[in-house]
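Colleague: Line by line, the protein sequences are chains A and B. The working numbering applies: residue 1 is where the first sequence begins, and numbers increase by one. The working numbering applies: residue 1001 is where the second sequence begins, and numbers increase by one.
The hints are simulated quantities; they were obtained by calculation from the structure and are not laboratory data. These figures come from a predicted structure and were not determined experimentally. Keep in mind that a hint or two might mislead.
[What the hints assert, rightly or not] No more than 25 Å apart at the CA atoms, straight line, and that leaves these computed lysine-lysine pairs for BS3-like:
| hint | chain 1 | residue 1 | chain 2 | residue 2 |
| --- | --- | --- | --- | --- |
| 1 | B | K1215 | A | K237 |
| 2 | B | K1216 | A | K376 |
| 3 | A | K225 | B | K1215 |
| 4 | B | K1033 | A | K138 |
| 5 | A | K410 | A | K449 |
| 6 | A | K237 | A | K410 |
| 7 | B | K1033 | A | K269 |
[To be verified] Incomplete in silico selection of chain B near chain A, CB under 10 Å:
| hint | residue |
| --- | --- |
| 8 | A1072 |
| 9 | P1113 |
| 10 | V1203 |
| 11 | Q1248 |
| 12 | G1367 |
| 13 | S1409 |
[Said to hold, decoys possible] Derived DEER-like restraints, expressed as beta-carbon distance ranges:
| hint | chain 1 | residue 1 | chain 2 | residue 2 | range |
| --- | --- | --- | --- | --- | --- |
| 14 | B | E1074 | A | K20 | 50 to 60 Å |
| 15 | B | Q1118 | A | P338 | 34 to 44 Å |
| 16 | A | K376 | B | K1174 | 37 to 47 Å |
| 17 | A | P101 | B | P1113 | 15 to 25 Å |
| 18 | A | Q98 | B | S1106 | 29 to 39 Å |
| 19 | A | D84 | B | Q1118 | 56 to 66 Å |
| 20 | B | E1061 | A | E209 | 45 to 55 Å |
Positions of the beta carbon are idealized from the N, C-alpha and C atoms, including for glycine.
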Amino acid sequence: MNCTEACLAHFGVGLEDLKKVLATALEKGGDYADLYFEHTFNNAVGLRDGEVNSTSSGIDFGVGVRVLSGDQTGYAYVENTTLDDMLKAARTAARIAQNAPSATVPSFVQKVYSKNYYSIQQSWEDISIKQRIPFVQKLNDSIFAKDERVNKVVVNLSDSSSHIFFVNSEGVMFYDYRPMVSLTANCVMFANGVYENGRAARSFRMGFEFLTDEIVETIAQEAVKETAIMYEAIKPKGGEMPVVLGAGGSGIFLHEAIGHAFEADFNRKGTSIFSDMLHQKICGDFINVVDDGTIPLNRGSVNIDDEGVDGQKTYIVRQGVLSSYLHDRISAKHFNTPSTGNGRRESFRQMPIPRMRATYMENGNASEADMIASVKNGVFVNSFTNGQVQIGAGDFTFFVKSGYLIENGKLTQPIKDINIIGNGPKALADMTMVADNYLMDNGTWTCGKDGQSCPVTCGMPSALIGKLTVGGLS
Amino acid sequence: MNFSLAQGCQSAKVSVYSGSDTEFEIRDRQLDKLQQSSENQMVFYLYVDGRYGSFSTNRMEKNELSKFIANAVESVRFLAPDTYRQLPTPELYYKGGAPDLSLYDSEIDVLPPDEKLQLACDAANEILGTDERILSVQSSYSDGESFSYLVTSNGFEGESAVSYFSLMVSVSVKGEGESRPESFWYDQALSFDDLIKKGIGKVALERTLRKLGQKKASSGSYTMVVDNLNSVRLLSPVLSALSGSALQQKNSFLLDRKGQQVFSNKLTLIDDPHVSHGFGSRYFDNEGVATTKRYVFNKGVLETYFIDTYNALKMEVEPTISAPSHLILECGDRSMEEIIVSVERGILVTGFNGGNSNSSSGDFSFGIEGFLLENGKISQPVSEMNITGNMLRLWNQLSEIGNDPRSNSAYLIPSLRFDNVDFSGL
Chain A
1 MNCTEACLAH FGVGLEDLKK VLATALEKGG DYADLYFEHT FNNAVGLRDG EVNSTSSGID
61 FGVGVRVLSG DQTGYAYVEN TTLDDMLKAA RTAARIAQNA PSATVPSFVQ KVYSKNYYSI
121 QQSWEDISIK QRIPFVQKLN DSIFAKDERV NKVVVNLSDS SSHIFFVNSE GVMFYDYRPM
181 VSLTANCVMF ANGVYENGRA ARSFRMGFEF LTDEIVETIA QEAVKETAIM YEAIKPKGGE
241 MPVVLGAGGS GIFLHEAIGH AFEADFNRKG TSIFSDMLHQ KICGDFINVV DDGTIPLNRG
301 SVNIDDEGVD GQKTYIVRQG VLSSYLHDRI SAKHFNTPST GNGRRESFRQ MPIPRMRATY
361 MENGNASEAD MIASVKNGVF VNSFTNGQVQ IGAGDFTFFV KSGYLIENGK LTQPIKDINI
421 IGNGPKALAD MTMVADNYLM DNGTWTCGKD GQSCPVTCGM PSALIGKLTV GGLS
Chain B
1001 MNFSLAQGCQ SAKVSVYSGS DTEFEIRDRQ LDKLQQSSEN QMVFYLYVDG RYGSFSTNRM
1061 EKNELSKFIA NAVESVRFLA PDTYRQLPTP ELYYKGGAPD LSLYDSEIDV LPPDEKLQLA
1121 CDAANEILGT DERILSVQSS YSDGESFSYL VTSNGFEGES AVSYFSLMVS VSVKGEGESR
1181 PESFWYDQAL SFDDLIKKGI GKVALERTLR KLGQKKASSG SYTMVVDNLN SVRLLSPVLS
1241 ALSGSALQQK NSFLLDRKGQ QVFSNKLTLI DDPHVSHGFG SRYFDNEGVA TTKRYVFNKG
1301 VLETYFIDTY NALKMEVEPT ISAPSHLILE CGDRSMEEII VSVERGILVT GFNGGNSNSS
1361 SGDFSFGIEG FLLENGKISQ PVSEMNITGN MLRLWNQLSE IGNDPRSNSA YLIPSLRFDN
1421 VDFSGL
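Chain A extracted, bound-state conformation (with noise of 0.2 Å):
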């Protein structure tokens, strides 16, 4: 479908009525404008007590009008696209700006992709609930078949289909159609009195082709393995430790002590720990860490971002040194460099700020073995819950669901249910080896940052950082 076409099937505007929307945006003088219009289905099928008994659906629908005035910006959205209630929209935006009207808006020209990082085989919206109901089942089964412990299963699937039609004040047109699922499954044990849980999901821009017999086998066997392992684990001895992160999920450690700091709206505001080290050496020159959004199907993929640049992969370290910020529009022209594409926003209802998409380190030359071996005492980590991080001070945490004691060189005891905190620069400094088998980990990542959700994705190879403050008993 192209561009004009989507515009009138889903949201019935011409384009002749856009461009007057953005000619209104910019009545009062701003230097840019855009529109944004969302026509989201999302649909869940969740499995409760052995059965698959209960869905929901929703639709959201609507157009957001940005106006943007040296780095300020005025935003409003309405839900629906009658060019009255667009215009009064537009109306309210404009105010950012104080002077006379801008220029007029050139003709739009369509945006052509040179790749698809997300097409699909067969939509969800042409999927029922029907055909969605016998993995969900299967999924329970499965997990109650592979432990006599497990007493309580829930599972989750959702989908969410977006059509995203964009023009703005430059000419700039896009429609970009973006799927996405989800498959989760939450554990119970009963053993010896005691109950555990575990959890195992995974996410893609995927249509219905993701379900497979495949897939459904690697959740149940994760979610059993994540449960079991809880009743093997301790608490370790909490205090500063070498830390080996494991490969895939440690990801989270790049997102949280290095990935927030280096979105270039903190930096531009000189509130970053990194907002005075572009181009300077922070690390070992065997790292390299990148922000991607061209890997195919991934969650974190962006074929175009939500201020029209092209998705795109950014190295945002390149042989230890900090080599790129991650722009949206407004820090691309602040620091007089091109967009990265990373100018994302959670709907139609939100501006779009500099987030992730998938980040993660590339392979090094070292091996998992070795870095192990190395380790008199300290900790081995490779599933995780959450993370957070205090951009100005680089103070970044990440809870450890579950991992491993090092005694001696080796992997002995389980441990579980503890937080490692660090600071960004001195523990990127510190890690001093980096393995050559990367992972990157599917979960349901979900990044948080003023009030906006994005799905993103990490992943990591083996990598031991010097000193960590791992929590425990004392």
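Fit chain B to the supplied structure of chain A, relying on the hints for placement.
Modeller: Relative to the frame of chain A, chain B by itself:
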């Protein structure tokens, strides 16, 4: 709702929500952001042939709604039946007639935008240029109103209106090396007159400057004092463990403990939902069930689980209420400053940084920042530390409750003191 019933539902519940918000954000003397929004949403809860589903849309045009509901009813028919999905029994509904809770201030419709903008400017101007260590000052004014209406096919009809007003300042200062410590202060109120308009900038700056020189302290067992901004964070895992949904799935560390002394006898926590002009106050919950004053914990004895209609039927117990509304933790006699004087060796927690808890066991571990307390005095700012423990043990180590809950919240929790908490640092 009637259309849903006509489509084949045996019962149905419909809720409508409508809201609008305004925000002005100032950064370093310039208007940085202005945002205005208004939204509507309709949610349907459909009970069809013993099966259940919920559906939401913001497309309110009649033809679209009709098609939406018809499709919804059809899709629910494919599910397995769930006899526990039922509307509440009508006797439990709020019947109306109680006095207005004063949650809505109509001033919000007439306040001139310039006045709002000026408040944000004034708050920042209190401190701009007053200290050379200041890197950036951000202030914002926001307000909003929301209306909701709920109707059920077995006789409930109710509506509510709430407004909010808030003012916030955050400050970033130059610290050691590249570090830029940041903090904030704010007020929020249900009515414009109650909103504190002066002094917020000054407090934000004080809270930021006192962070300068933060260091890690030694690992060990300390007395922990938590301020009244953060104490609620330690209560959250307890509230989650009281929910019917968690209990029914055997995923709660407070399972099968009702009626037992689970926590310190100093702990009395009350849900008081009808406090006039109180955050969170309401006459009915999201099912229409009437709220009432309840002891959640009475001198440490667990008295109330939060169990909605569905989970009550599954667990074969009486329903209570789906969630707390306005929580009050019974206060002690002393202020936080007075409590600190009695601490020989401890840590005052003034911020949490990430962390989580395990719903089955009650184990927790959180990142923290704050101040070392030595011989009754604040000595050194600390950060980059964790506290680790278990909720069941922690709330039995509660040794004192302050007299200082903040009034601008639905959960009025004062500062708290706990003994022998494990901190990890150096």
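Colleague: A separate judgement is required for each hint: does it hold in the structure or not?
Modeller: Hint by hint, here is what the structure shows:
no.	hint	in the structure
1	K1215/B x K237/A	holds, 20 Å
2	K1216/B x K376/A	holds, 23 Å
3	K225/A x K1215/B	violated, 38 Å
4	K1033/B x K138/A	violated, 49 Å
5	K410/A x K449/A	violated, 39 Å
6	K237/A x K410/A	holds, 17 Å
7	K1033/B x K269/A	holds, 14 Å
8	A1072	holds, 7 Å
9	P1113	holds, 8 Å
10	V1203	violated, 18 Å
11	Q1248	holds, 8 Å
12	G1367	holds, 4 Å
13	S1409	violated, 18 Å
14	E1074/B x K20/A: 50 to 60 Å	violated, 40 Å
15	Q1118/B x P338/A: 34 to 44 Å	holds, 38 Å
16	K376/A x K1174/B: 37 to 47 Å	holds, 38 Å
17	P101/A x P1113/B: 15 to 25 Å	holds, 21 Å
18	Q98/A x S1106/B: 29 to 39 Å	holds, 30 Å
19	D84/A x Q1118/B: 56 to 66 Å	violated, 31 Å
20	E1061/B x E209/A: 45 to 55 Å	violated, 34 Å
Of the numbered hints given earlier, the model fails hints 3, 4, 5, 10, 13, 14, 19 and 20; all others are met.
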